[in-house]
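In the order they appear, the protein sequences are chains A and B. Each residue of the first sequence is one higher than the last, beginning at 1 in the numbering used here. Each residue of the second sequence is one higher than the last, beginning at 1 in the numbering used here.
Calculated directly from the structure, the hints in this document are not laboratory data. Since we're looking at a predicted model, the values are computed, not measured. Hints are supplied without guarantee of correctness; some may be wrong.
Since the list gives no way to pick one copy over another, a pair counts as held whenever it fits inside one copy or between any two copies.
[Claimed, not checked] No more than 30 Å apart at the CA atoms, straight line, and that leaves these computed lysine-lysine pairs for DSSO-like:
hint : residue 1 : residue 2
1    : K106      : K262
2    : K300      : K263
3    : K95       : K262
4    : K253      : K142
5    : K142      : K192
6    : K262      : K33
7    : K316      : K14
8    : K300      : K15
9    : K26       : K166
10   : K33       : K263
11   : K15       : K296
12   : K166      : K40
13   : K106      : K95
14   : K33       : K297
15   : K166      : K33
16   : K40       : K253
17   : K142      : K40
18   : K33       : K293
19   : K129      : K26
20   : K40       : K146
21   : K129      : K95
There are 2 protein chains.
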Amino acid sequence: MQLHSMWENYPELKKDLAEVLMTIEKNIQIRDKRVEENVKMLIHAGGKLLRPAFALLSAKLGPDYDRERAISVAAALEVLHMATLIHDDVVDESKLRRGQPTINSKYGNHYAVYTGDYLFTICFKILSKHSDSISNIEFSSKNIEKILMGELDQMRMRYNLDVSVKEYLTRISGKTAQLFALSCYSGATASKAPRTLAVKAWNIGHYLGMAFQIIDDVLDYTSTDTGLGKPVMNDVLQGVYSLPLIYAMRGRKAEFGPLLLKKEAMTDADLAELIRLIDDYHGVEQAFDLARKYTKKAQKEIAKLPAGAYRDQLSKLTDEILDRQI
Amino acid sequence: MQLHSMWENYPELKKDLAEVLMTIEKNIQIRDKRVEENVKMLIHAGGKLLRPAFALLSAKLGPDYDRERAISVAAALEVLHMATLIHDDVVDESKLRRGQPTINSKYGNHYAVYTGDYLFTICFKILSKHSDSISNIEFSSKNIEKILMGELDQMRMRYNLDVSVKEYLTRISGKTAQLFALSCYSGATASKAPRTLAVKAWNIGHYLGMAFQIIDDVLDYTSTDTGLGKPVMNDVLQGVYSLPLIYAMRGRKAEFGPLLLKKEAMTDADLAELIRLIDDYHGVEQAFDLARKYTKKAQKEIAKLPAGAYRDQLSKLTDEILDRQI
Numbered sequence: 001m002q003l004h005s006m007w008e009n010y011p012e013l014k015k016d017l018a019e020v021l022m023t024i025e026k027n028i029q030i031r032d033k034r035v036e037e038n039v040k041m042l043i044h045a046g047g048k049l050l051r052p053a054f055a056l057l058s059a060k061l062g063p064d065y066d067r068e069r070a071i072s073v074a075a076a077l078e079v080l081h082m083a084t085l086i087h088d089d090v091v092d093e094s095k096l097r098r099g100q101p102t103i104n105s106k107y108g109n110h111y112a113v114y115t116g117d118y119l120f121t122i123c124f125k126i127l128s129k130h131s132d133s134i135s136n137i138e139f140s141s142k143n144i145e146k147i148l149m150g151e152l153d154q155m156r157m158r159y160n161l162d163v164s165v166k167e168y169l170t171r172i173s174g175k176t177a178q179l180f181a182l183s184c185y186s187g188a189t190a191s192k193a194p195r196t197l198a199v200k201a202w203n204i205g206h207y208l209g210m211a212f213q214i215i216d217d218v219l220d221y222t223s224t225d226t227g228l229g230k231p232v233m234n235d236v237l238q239g240v241y242s243l244p245l246i247y248a249m250r251g252r253k254a255e256f257g258p259l260l261l262k263k264e265a266m267t268d269a270d271l272a273e274l275i276r277l278i279d280d281y282h283g284v285e286q287a288f289d290l291a292r293k294y295t296k297k298a299q300k301e302i303a304k305l306p307a308g309a310y311r312d313q314l315s316k317l318t319d320e321i322l323d324r325q326i
Numbered sequence: 001m002q003l004h005s006m007w008e009n010y011p012e013l014k015k016d017l018a019e020v021l022m023t024i025e026k027n028i029q030i031r032d033k034r035v036e037e038n039v040k041m042l043i044h045a046g047g048k049l050l051r052p053a054f055a056l057l058s059a060k061l062g063p064d065y066d067r068e069r070a071i072s073v074a075a076a077l078e079v080l081h082m083a084t085l086i087h088d089d090v091v092d093e094s095k096l097r098r099g100q101p102t103i104n105s106k107y108g109n110h111y112a113v114y115t116g117d118y119l120f121t122i123c124f125k126i127l128s129k130h131s132d133s134i135s136n137i138e139f140s141s142k143n144i145e146k147i148l149m150g151e152l153d154q155m156r157m158r159y160n161l162d163v164s165v166k167e168y169l170t171r172i173s174g175k176t177a178q179l180f181a182l183s184c185y186s187g188a189t190a191s192k193a194p195r196t197l198a199v200k201a202w203n204i205g206h207y208l209g210m211a212f213q214i215i216d217d218v219l220d221y222t223s224t225d226t227g228l229g230k231p232v233m234n235d236v237l238q239g240v241y242s243l244p245l246i247y248a249m250r251g252r253k254a255e256f257g258p259l260l261l262k263k264e265a266m267t268d269a270d271l272a273e274l275i276r277l278i279d280d281y282h283g284v285e286q287a288f289d290l291a292r293k294y295t296k297k298a299q300k301e302i303a304k305l306p307a308g309a310y311r312d313q314l315s316k317l318t319d320e321i322l323d324r325q326i
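Here chain A stands alone, though its shape is the one from the complex (with noise of 0.2 Å):
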């Protein structure tokens, strides 16, 4: 089990985290093997799980923290978008994921969407069993209608020249920040933290989640090599246009529009220009930039944290992710 690098400056949440795994691997069991493997394999090929820890760090906002209570919320939370990640990869045929050959590419989409569904539910199995109220789960499966709303509304704007600023936040609040909400969200009622704290974790986690999709939406214009684990440039030509193409692309339709226009016919050539475009017009900037204010809203908000080691950490990430040092 290879946890993240990222992880070593923070020894105790790294504990939890590699428990993390061990219970989402405890709770998968498919009669065929070989997908079982497969989804094993995605559990352990390194993602980040910066929801989990989110979820965990916020447990210790409530007066009782139970460390198995805990770990299997940020469990059902990893599980769901480990859910979202194997249907995203059948919607956009990818052939890798965290450099390991998909679960669509190596056994065809019947496979995978079965097993992202059976992921759906072990979320849901997971949270009913460790949750103490209805209303929680209530909560979170409202939280997740958002977030399918979020991918249902990306599709809608594909290829839509005219996507504006605010509908491309709207698009990423759901598809993203929405998740990151709920772990902070779901860690602090884990231990049980007063409404009005578990309402500020909503928000810190909503805060980042914003900050981290424009992020990842800017390497995606900007990494030149496949550490990512997914071809870069990938969005545009499925037609998902994000914020740097966004933003340079302001009043500058009849400029893109004949690039753009090509969609899965666009040559090397053509997005390299793409690129050189976004670079003039000044759109990785301007992306940043709003990365960088979602982050002092984030840190704002963490400010207001009773002080402690979990406030700490959580600030400490909060920078790192606009470094993205994660």
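Given chain A, put chain B in place with the hints provided.
Same frame as chain A, but now just chain B:
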């Protein structure tokens, strides 16, 4: 809103089922109105609504019948069924469902995968809103886990000429009977039926589900029109071998093998030849006999229920499953 004509003989149930459809409709709000429209078309396309019907009838078993709660639980189960149908259509690349174009054929796998996921979540949302205990949700999610296991098993067994009757029964138990059982069980617990009664309801649902799926599979070989809203013999072409074929093929692998292993390349003449072979070896009769055994088991359990309209209607519906008036 058009309910299946079979419900004409059950006026109270018909009213409640209409309410179930309205509850589902109310809970489905997708920003992309085209997709929402398509999901709503699926709701109203005249599905048989057997699962919610069994849930509603079973809700009369307990001492604390609450119509709104019963309808909500019934709605959640139909939504779950719809989610699996939409994902089944992705996996099977089906073009039609209930006589309407499928979401995958109309909008692509993208939408269909996420729409199914969305409906899964709506199911849990409705369930958690109307359950009064976490253990019910936990029970439901464990059941849904088994349903998806059944789907994955079905994938694993594709194009396997050695598939046994036992393996077939395990598969349909997960894929179909589990949801019928959960419907009866959830209905019963929604009215706070004592555990012994709820377990009886579970067993009845299981037997009904087994009979229903066997008959459904028989119809795949015997139905000559497209009244089913799906292509006949679809299963065989996809490598999914069901009971009439399994019975006919027992000890005759050499005779069936060359035909079946043409896989998707099987011609209409091949299919006709296959039907002739199944007919010669009485595959359909044997399958039908087993379905009859399951309805008999169901009737035996139904007879032990407290007397009342609930019991009479359940018994009548059980006979109708076998006659496939429904």
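Going down the list of hints, with the structure as the test:
1. K106 with K262: For K106 and K262, both the intra-copy (29 Å) and inter-copy (22 Å) Cα distances are at most 30 Å.
2. K300 with K263: neither (41 Å within a copy, 62 Å between copies)
3. K95 with K262: both (22 Å within a copy, 28 Å between copies)
4. K253 with K142: For K253 and K142, the Cα distance exceeds 30 Å both inside one copy (37 Å) and across copies (51 Å).
5. K142 with K192: both (20 Å within a copy, 26 Å between copies)
6. K262 with K33: between (42 Å within a copy, 27 Å between copies)
7. K316 with K14: within (15 Å within a copy, 59 Å between copies)
8. K300 with K15: Intra 28 Å, inter 55 Å, cutoff 30 Å: intra-copy only.
9. K26 with K166: between (41 Å within a copy, 27 Å between copies)
10. K33 with K263: Cα proximity of K33 and K263: across copies only (24 Å, versus 38 Å in one copy).
11. K15 with K296: within (29 Å within a copy, 55 Å between copies)
12. K166 with K40: between (38 Å within a copy, 29 Å between copies)
13. K106 with K95: Both: 8 Å inside a chain and 25 Å across chains, each within 30 Å.
14. K33 with K297: Intra 45 Å, inter 34 Å, cutoff 30 Å: neither.
15. K166 with K33: between (44 Å within a copy, 20 Å between copies)
16. K40 with K253: neither (44 Å within a copy, 36 Å between copies)
17. K142 with K40: both (28 Å within a copy, 20 Å between copies)
18. K33 with K293: neither (46 Å within a copy, 33 Å between copies)
19. K129 with K26: The answer is both: 14 Å in one copy and 29 Å across copies each meet 30 Å.
20. K40 with K146: both (27 Å within a copy, 19 Å between copies)
21. K129 with K95: neither (34 Å within a copy, 39 Å between copies)
Checked against the numbered hints given earlier, this structure breaks hints 2, 4, 14, 16, 18, 21; the rest are met.
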